[in-house]
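With chain A's structure known, arrange chains B and C on it following the hints.
Chains as they are written, first to last, in the numbering used here: chain A, 28 to 379; chain B, 28 to 379; chain C, 28 to 379.
Please keep in mind that the hints were generated in silico from the structure rather than gathered at the bench. Incorrect hints may have been included.
Which copy is meant is left open, because identical chains are indistinguishable; a pair holds if it fits in one copy or across any two.
[Said to hold, decoys possible] Restricting the straight-line Cα-Cα distance to at most 20 Å, the calculated cross-link-like pairs of lysine to aspartate or glutamate (EDC-like) are:
1. K179 - D42
2. K202 - E166
3. K202 - E329
4. K268 - E243
5. K33 - E326
6. K144 - D42
7. K362 - E326
8. K325 - D181
9. K325 - D193
10. K33 - E323
11. K144 - D370
12. K33 - D215
13. K33 - D227
14. K144 - D193
15. K33 - D353
16. K202 - D227
17. K144 - E41
18. K325 - E150
19. K179 - E41
20. K268 - D348
21. K33 - E232
Quantities reported herein were computed from a predicted structural model and do not represent experimental measurements.
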Amino acid sequence: MTAAGKADPGNFFEDFHVGQEIRHATPRTVTAGDAALYIGLTGSRFALHSSDEFARSLGYERAPIDDLLAFHIVFGKTVPDISLNAIANLGYADCRFGAPVYAGDTLSAGSTVIGLKENSNRETGVVYVRSIGTNQRGETVLDYVRWVMVRKRDSSAPVAAATVPDLPAAVTRNKLTLFAGIDLSRYDNVAAGSPYRWGDYAVGERIDHRDGMTIEESCHMTAARLYQNSARVHFNQHAEKAGRFGRRIVYGGHVISLARTLSFNGFGNAFHIAAINGGLHVGPSFAGDTIYAWSEVKEKAELAGRRDAGALRLRTVATKDRPCADFPDRGADAKPHSAIILDLDYWVLMPR
Amino acid sequence: MTAAGKADPGNFFEDFHVGQEIRHATPRTVTAGDAALYIGLTGSRFALHSSDEFARSLGYERAPIDDLLAFHIVFGKTVPDISLNAIANLGYADCRFGAPVYAGDTLSAGSTVIGLKENSNRETGVVYVRSIGTNQRGETVLDYVRWVMVRKRDSSAPVAAATVPDLPAAVTRNKLTLFAGIDLSRYDNVAAGSPYRWGDYAVGERIDHRDGMTIEESCHMTAARLYQNSARVHFNQHAEKAGRFGRRIVYGGHVISLARTLSFNGFGNAFHIAAINGGLHVGPSFAGDTIYAWSEVKEKAELAGRRDAGALRLRTVATKDRPCADFPDRGADAKPHSAIILDLDYWVLMPR
Amino acid sequence: MTAAGKADPGNFFEDFHVGQEIRHATPRTVTAGDAALYIGLTGSRFALHSSDEFARSLGYERAPIDDLLAFHIVFGKTVPDISLNAIANLGYADCRFGAPVYAGDTLSAGSTVIGLKENSNRETGVVYVRSIGTNQRGETVLDYVRWVMVRKRDSSAPVAAATVPDLPAAVTRNKLTLFAGIDLSRYDNVAAGSPYRWGDYAVGERIDHRDGMTIEESCHMTAARLYQNSARVHFNQHAEKAGRFGRRIVYGGHVISLARTLSFNGFGNAFHIAAINGGLHVGPSFAGDTIYAWSEVKEKAELAGRRDAGALRLRTVATKDRPCADFPDRGADAKPHSAIILDLDYWVLMPR
Numbered sequence: 028m029t030a031a032g033k034a035d036p037g038n039f040f041e042d043f044h045v046g047q048e049i050r051h052a053t054p055r056t057v058t059a060g061d062a063a064l065y066i067g068l069t070g071s072r073f074a075l076h077s078s079d080e081f082a083r084s085l086g087y088e089r090a091p092i093d094d095l096l097a098f099h100i101v102f103g104k105t106v107p108d109i110s111l112n113a114i115a116n117l118g119y120a121d122c123r124f125g126a127p128v129y130a131g132d133t134l135s136a137g138s139t140v141i142g143l144k145e146n147s148n149r150e151t152g153v154v155y156v157r158s159i160g161t162n163q164r165g166e167t168v169l170d171y172v173r174w175v176m177v178r179k180r181d182s183s184a185p186v187a188a189a190t191v192p193d194l195p196a197a198v199t200r201n202k203l204t205l206f207a208g209i210d211l212s213r214y215d216n217v218a219a220g221s222p223y224r225w226g227d228y229a230v231g232e233r234i235d236h237r238d239g240m241t242i243e244e245s246c247h248m249t250a251a252r253l254y255q256n257s258a259r260v261h262f263n264q265h266a267e268k269a270g271r272f273g274r275r276i277v278y279g280g281h282v283i284s285l286a287r288t289l290s291f292n293g294f295g296n297a298f299h300i301a302a303i304n305g306g307l308h309v310g311p312s313f314a315g316d317t318i319y320a321w322s323e324v325k326e327k328a329e330l331a332g333r334r335d336a337g338a339l340r341l342r343t344v345a346t347k348d349r350p351c352a353d354f355p356d357r358g359a360d361a362k363p364h365s366a367i368i369l370d371l372d373y374w375v376l377m378p379r
Numbered sequence: 028m029t030a031a032g033k034a035d036p037g038n039f040f041e042d043f044h045v046g047q048e049i050r051h052a053t054p055r056t057v058t059a060g061d062a063a064l065y066i067g068l069t070g071s072r073f074a075l076h077s078s079d080e081f082a083r084s085l086g087y088e089r090a091p092i093d094d095l096l097a098f099h100i101v102f103g104k105t106v107p108d109i110s111l112n113a114i115a116n117l118g119y120a121d122c123r124f125g126a127p128v129y130a131g132d133t134l135s136a137g138s139t140v141i142g143l144k145e146n147s148n149r150e151t152g153v154v155y156v157r158s159i160g161t162n163q164r165g166e167t168v169l170d171y172v173r174w175v176m177v178r179k180r181d182s183s184a185p186v187a188a189a190t191v192p193d194l195p196a197a198v199t200r201n202k203l204t205l206f207a208g209i210d211l212s213r214y215d216n217v218a219a220g221s222p223y224r225w226g227d228y229a230v231g232e233r234i235d236h237r238d239g240m241t242i243e244e245s246c247h248m249t250a251a252r253l254y255q256n257s258a259r260v261h262f263n264q265h266a267e268k269a270g271r272f273g274r275r276i277v278y279g280g281h282v283i284s285l286a287r288t289l290s291f292n293g294f295g296n297a298f299h300i301a302a303i304n305g306g307l308h309v310g311p312s313f314a315g316d317t318i319y320a321w322s323e324v325k326e327k328a329e330l331a332g333r334r335d336a337g338a339l340r341l342r343t344v345a346t347k348d349r350p351c352a353d354f355p356d357r358g359a360d361a362k363p364h365s366a367i368i369l370d371l372d373y374w375v376l377m378p379r
Numbered sequence: 028m029t030a031a032g033k034a035d036p037g038n039f040f041e042d043f044h045v046g047q048e049i050r051h052a053t054p055r056t057v058t059a060g061d062a063a064l065y066i067g068l069t070g071s072r073f074a075l076h077s078s079d080e081f082a083r084s085l086g087y088e089r090a091p092i093d094d095l096l097a098f099h100i101v102f103g104k105t106v107p108d109i110s111l112n113a114i115a116n117l118g119y120a121d122c123r124f125g126a127p128v129y130a131g132d133t134l135s136a137g138s139t140v141i142g143l144k145e146n147s148n149r150e151t152g153v154v155y156v157r158s159i160g161t162n163q164r165g166e167t168v169l170d171y172v173r174w175v176m177v178r179k180r181d182s183s184a185p186v187a188a189a190t191v192p193d194l195p196a197a198v199t200r201n202k203l204t205l206f207a208g209i210d211l212s213r214y215d216n217v218a219a220g221s222p223y224r225w226g227d228y229a230v231g232e233r234i235d236h237r238d239g240m241t242i243e244e245s246c247h248m249t250a251a252r253l254y255q256n257s258a259r260v261h262f263n264q265h266a267e268k269a270g271r272f273g274r275r276i277v278y279g280g281h282v283i284s285l286a287r288t289l290s291f292n293g294f295g296n297a298f299h300i301a302a303i304n305g306g307l308h309v310g311p312s313f314a315g316d317t318i319y320a321w322s323e324v325k326e327k328a329e330l331a332g333r334r335d336a337g338a339l340r341l342r343t344v345a346t347k348d349r350p351c352a353d354f355p356d357r358g359a360d361a362k363p364h365s366a367i368i369l370d371l372d373y374w375v376l377m378p379r
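So that you can see chain A by itself, here it is in the shape it has in the complex (with noise of 0.2 Å):
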């Protein structure tokens, strides 16, 4: 037992075994506060996350959380037992949302190991776990694949063979569905802030966001706390300053989130992330960058017995310091412009 004794070490990437199922701590009740949190921390606008009347005018009981909130939530429970050693969060794959989430929920997370390959160098592996996240009446809620390089406590230690899981490239248009209940026929454009609904966008069309967000370290923190989240390398400045970056580094997810909010201007009734079919953290964010993005629309597609929503998938690129009137992007070689720290690819539903 090292000094530490019982405080947590975490898991190394030999503690894992494909199959493993893990329980993670730290049920959370979402509230009212945290969804106002939220909104002070990226400036989010999607009436449907901002409103009870205009949620309720849809069908909902009330205004839900914000899909990426309830991400965070269960994303930061993972964190102690899947990623507390990690190296880097490499991807995510087949993220569909379930139920929405409303204030006076309890959000829990589990997680199953479904793929491991160390690396050549034995120092590192690559865990690969699907991470449910469950209401209090254990509806599913969100359903993910992430995969992230952990250290070896022990590089000698032996590890089983690789299996790497197949993964689908995109979550497919048959599994987009909205909630029951939900109806569009009295979706206001005004109140949402936009004129354009699903019928207006076409495959290929590209918008810049124009607007920018500067990241403070307390806002970053916050945003990490808020979830959670217990990853070391964004909180602690005295040991970062030593570390690969010499500072603390961004919580991916709070880039996703201001992509996201960001995306706001031009996808205005973009009401609902229905899935994200996946996600590079191209590099890494600091405190002082500001975040730029633009999108891309990749498909339509129709929802199945519904002529009122549509769901759009985008390409969302994040940069930073960097404006996007030129949509900065991958090179012929596929390297991605030097200023990209996020490629986003997911479906939103619309209004039709």
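Chains B and C in isolation, oriented as in the chain A frame:
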């Protein structure tokens, strides 16, 4: 269409016409979370907004939301339509607070253009709007005029002849009211934190509020985001470093909130702002500034039919990095002392 | 009367007398918003305060407010009367937590002066107060003694002979209780995040809490403002740059909260602080400091009539910019290691 495509470029001066009615986006259900964050950002100690019990003792349903929090939320909604391309927020007039706002109420906002005046340089013009905030029952919670200098998209664009509205120098006494059902007979000075009631103040009396509050980037940005105020100058250091001031500008309303909070020390029983007669952002404020304030009693007014409450017309002057023990003011030439950043004229209600 | 006029100058040492009873201003209805912001500022992960479901499984009505959030709110109310002219917050003793505080409860505070002792320089003196926080039903939620060094207005003012209260070195075991109706038989280690129960800890055991949290100006100011703590030294950089330290001083209670939050890593099942025996702010803390902590189990106590819960007396030591793997402590001469800023002695309750 620019690269921004469907992203909202905001209105330019030539896009407005007198009589134009604009319904603003993003209805907002105000919550206990907003109230808590407002206290966290300002430190406000007015008992009415802090305690349900205190509020009930006066006949309120429960603690209403701080008047200025309601103001900022309504103001924030007007930004995308009115002042996204503004250079300066010039002034406020004839601002009256209506029905109290409680957690759970949903606020919406609309504006009417009541004046337009192109500047002689033809690059900009002044837009006058009357904005009204309403709750979910359609009751007015706030009604005010502001004017703002807005860029023209095209300096050669023709515009209509100037229309400048006739605005009152102050909200007249007979418009000052207290909501039905309020009864101050059980008002508790000790709980409120001040022994001084309406009768204890004299016209001409000046009070230095003593305390100072330093503004941090994270605090003013979180405040503006909480209000869903999307004015770019508050958030984007990357763009602002090449701007007029080389840095982000603090939302002027945050300075008003700080000045009001500081004024607790001297006006602890000024439980309600009934009206704002006029407000001038004399100078910009930036992170790092420490805000001080002093106030002068300009008028005293009885409230029609009430013996339990009276109104004080206050002028509160806020400075930056300059204590106010000697009441820094305008000079003989009416030019404000260089440290002054806010000059606010408003009516507060106090128990008698 | 000074320029400040009706602005409150606060009490000076010669304004106090033993036996004086003070009812403090600013009753506060604690809300889910306060709880959310507290999590956002500390990252606290104790399940009892995070989850209504977890709390109900133990017999609570729903998730109670974090013990220290209640402490800070009560403490904040005492500042304008007790410590506005304080130079240093010297210590705490005999602090017991009473009825749980739920969102919706309204907290008020009062203090009795129980001791006064002028310092030999006659410029300052020590004021001892017993402060009690009550809810809207008059139930005690917190009862504690603190002593603080307060300036004299006039060093030549005569003062009464010294009275120093007899204070217990620790809250005795027989005063430790668990609220009626609480039953830990369904306590869920996994949800709580720790496998270690009361029986697993040994007297003398020391635990390094490993993590570090860097303090930002915006975070500690927002915390102190949330608690409506109006002590000037936390907020005013313009004044403090000419002060003792050249910068704002972090509210000591924020350091206590961070230490408690860090202690989750090792004491995840310490679901309730029952009492604080003593606390010493060994040194000041400033923005930029990274807080680390370690703890030692000083005593173990059974709770009268209960088999499901026990008490641990902990000593938690917090440092700045100094990891605690080797337990930096007081030397043979009892002088604390130079990195130590907090030395806290308290009782926590744990499931057996």
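Out of the numbered hints, which ones does the structure contradict? 7, 8, 9, 11, 16 and 18
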